[in-house]
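Quick note, the sequences are listed as chains A and B, same order.
Read in order, the letters of the first sequence are residues 1 to 501 in the working numbering.
Read in order, the letters of the second sequence are residues 502 to 1016 in the working numbering.
Hints were generated in silico from the structure; no laboratory data involved.
Be aware that one or more of the hints could be misleading.
Which residues of chain B face chain A? A partial, calculated answer using Cβ under 7 Å [to be verified]: (1) L678; (2) D852; (3) L886.
DSS-like mimics (lysine-lysine), calculated; alpha carbons at most 30 Å apart, straight line [unchecked claim]: (4) K607(B) <-> K381(A); (5) K457(A) <-> K607(B); (6) K42(A) <-> K361(A).
C-beta: ideal position from N, C-alpha, C; glycine also.
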Amino acid sequence: MLEPINVSMASLNVATLAPMLIAIIGALAILVIDLAKEGLHKSFYVMVALLFLLLDLGTLVEFGGVFLKNGTVLGFFDVMLMDGIAILSQIIIVAGSMLFIPLALTSKRFHEYNYPEYFALFLFMIAGFQFMVATDNLILVFVGLETASLALYTLIALHNRSKSFEAAVKYFTMGALAAGFYAFGSMVLYAISGSVEINQIATVLAEDHYSNIGFVLVGVVFMIAAFGFKLSMVPFHTWTPDVYEGSSAALAGYMSIVPKIAAFVVAMRLFEFLVHSGVVWLQVILYIGVVITMTASNIWALVQTDVKRMLAYSSISHAGFVMAAILIGTTQANSGLFLYWALFSFTNLGAFTMLWVNRQKNLLPGQSSDHPYEKFSGMIKTMPMAALMMALFMLSLAGIPPFGLFWGKMYMIGSAVSAGYTVLALIMALNSAIAGYYYLKLIIFMFMKEPMVGYEKYYLMNASLSLKTIIGIAAVGTIFAVFAVNPLLEVITRFVYNSGY
Amino acid sequence: MLDHILSILIFFPALAAMLGFVVAKDSIRAYGITVAAIEFVLSLWLWYAYDPMSSGMQFMESAPLIPAFGINYLLGIDGISLFIVILSTFFTLIGIASLTETRRVKDMIITLLFLEMTMVGVFAALDAIVFYVFWELSLVPMLYIIGAWGGPLRIYASVKFFLYTFTGSLVMLVGMLFMAYFYYQATGMWSFSILEWYRLILPENFQLWLFAAFFLGFAIKVPMFPFHTWLPYAHGQAPTIGSVILAAILLKMGTYAFVRFSLPLFPDASVFFMFPIAAIAIIMIIYTAMVAYAQEDIKQVVAYSSVSHMGVIILGTFALNVEGVSGSVFLMLAHGVVSGALFLLVGVIYDRRHTKLMSEFGGLASVMPRYATIFGIMMMASVGLPLTINFVGEFLSLLGFYKQSHTYTLIAGTAIIVGAIYMLAAYKKMFFGNVTNEENKKLKDVNKTELIGLVPLVILAIWLGVYPKPVLEPINNSVESVIQLMHDKAQSSEAKARIPNLSDAGAMKLHQEAH
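With the hints as extra help, turn the sequences into a complete structure.
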């Protein structure tokens, strides 16, 4: 008979689960409330979700304080890992979600928000992402990834349009493939190292000096493919524009921010030690991947006729830009990644929300997509305030100073420069110039063309106070980013540096 | 208040532009003029309070912006930037006062006020990133002015303008980041302060690369051959006010940046590239003069002549001695006054006839005598007649380069004289002969609104041509300290020889002040 294992509660450190548990309890609470009383208005669920997220954020801030004082907190036999980047990324995830969820309060009725399940799934998804970043155990990463992804597929499909179903199925199929790749890659890494924890894998590989380099190659290639899908790196990006187009604009904006930061953190944990191990081919693969992702998606974005698809390609390009941080691998670059993503969250969410407020129920006459460029013609004459807001987000995305994203771009290029990646720095700069064109195109439509007759009624159809508030927050965050950069940078650098990245 | 005068100068127009959204449409013009006039008076006060004997930075302001990355809000002006700041406020005032645009005036004036902020900001910034912020931001209002009020090809022209400049500036940004990184390596501190960069002595091969990165950004802005192709489109399509501001101020950002960044930061590279750049400048002068001669559109003639004269500015800048650089800084002001005035004059006739083709005109001197007189004076100033403003600058620039190379100067000098041909030919086509076109017979002469803009420019063009000292002296003092700094920093023996040492020549005092 086996000896009973004595585990003290203290060694489990249950507290490390608190942030995720809050999200899960919130989801369950919503389901239970629905059982008790049906037919509650969506505003109720939005606010309940918001409150739980606020609690979640509160515990994360608490963890942040603990981290700065005592360093990394481990829990559950070292499966849970609350280090600096876990806390930072969770804060971005939860804060991004808090900005997203009020977008449900549209003035038009949309199918999905009538289901309380939507909000429950949303909270489950957040818990999934949080698990993903708060561990270096490949299995828990996988569980978190799948929880979040399955919830997200459902959220897309709930939009209840034929394109949404197409998007959900496409995303699901691609996601399943990526999950397969991930499982296979983890299996190979486990086979050569005997561990599923990334730091153990790193230690074992370093101890025998990468003698199994062939297997490492196989494992890492599968991992890159898996993360390629999740981060929509070219050539694994093909699902992205279609899925963004099929989802509601709000959800598309969300997808361009939150799932990606989670994937970035895992990629950082996994690839960082490989980059630093001096395995040259990995650097080459990553280098090529980064450059192609930035450049190719920029060129595709140039030829789009629909603003949402353009933004989809643009967010692929931004992801490629940020992926450079993982290639560069210095503390400055990794801090740059978080800074960039924090600033990008505001701007990109603002841009997608501007599409969301201009969403009409049915397609425009003579148009085949929801947000063709023509729809925004002459907006400065009909809706000056909305046009200015949209232009602001576009200028920020293009990296025009002093708006938010410029500072992220500058810091990222600066980190490439100081790590000796001169050519990469130039490629990043020139890609920003290419990207300038397609953002400019929307500004040209809004400011320099004549309004389309009869389109006025389609503008701001979906606007409501809460949507406008979100746009206002995004705009303030974008304009005054310059004052936030220094405190952000100091905090982020401390967190990243103390986590050993 | 003088402690923060530069911040006030930068942000007052922007704040006024914000409030301008509230002002009613029919009062916006008066509002715009009022704001621009206050701003202009403030800038004159700046001149009054400026100490012309001191060569260093004055009215310095500093506040931490992103100290973790060495970015500070750092402002200050010296003799080089002082007058360009005044020129910016002056032209914004003149531009708004003589605005004949009737479509959506409110948007136009608010945009112009924002543009004024970015212009003053560029010339007052002493931190590379703050400089870059205003430099890039100035593209946006100009894009809107060309794209929304321009001619039939306005969208193409505005996008070309934006993308060209944007691409060049991004390469420059990489250069700036390198500069900051080298500073970090040398001192262990991040810094984007230009004054601190001045103290950094870089190995020559680094200088060459960084010079090239900065050069791309500046050369596109100037615009230097072969990057000049965006300018004729921009001028051709832009409304009058857009062309005026573009020619008078925005192009000066490039030449000013050469003096502020390239020369003192990379003295060895400046000497290394001196002759290639002089060759480009001479090609610019000759080639664009020839193109100007072939134009049928008077605005294009003025546009190409403006590029041609920018070539002289570049030549003077890369003479790398006090005469040349002071001359080129003075010529920046002169070029601003003259080409700004010429674009205003073209606007006057365009408003009346809605065409800019010279073949449509002829004999205007008898119909519009006052107009012909002003145009004549400005044209003479443009070809560099002695006792006009351009002459001083061109003469000094050429004199400066003469000390470096006789041959180059001779070619450039001849080219400038030949350049007079196209201006005189254009003037003849438009103003002399008989009035052939019926429509021209009833044309009205310049009216009061237009005179308000033109007369001050005429006075300036002659006054500073006859007596340039009040402006030239502060410029000279500051340029001397730049040249001395370059000489002290230069490493190669050729650079030491090419850049004069002023401290022997009784300029000891200036030298001490510079350090």
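### Message
Checking each numbered hint in turn, tell me which of them this model violates, lowest number first.
### Response
2, 3
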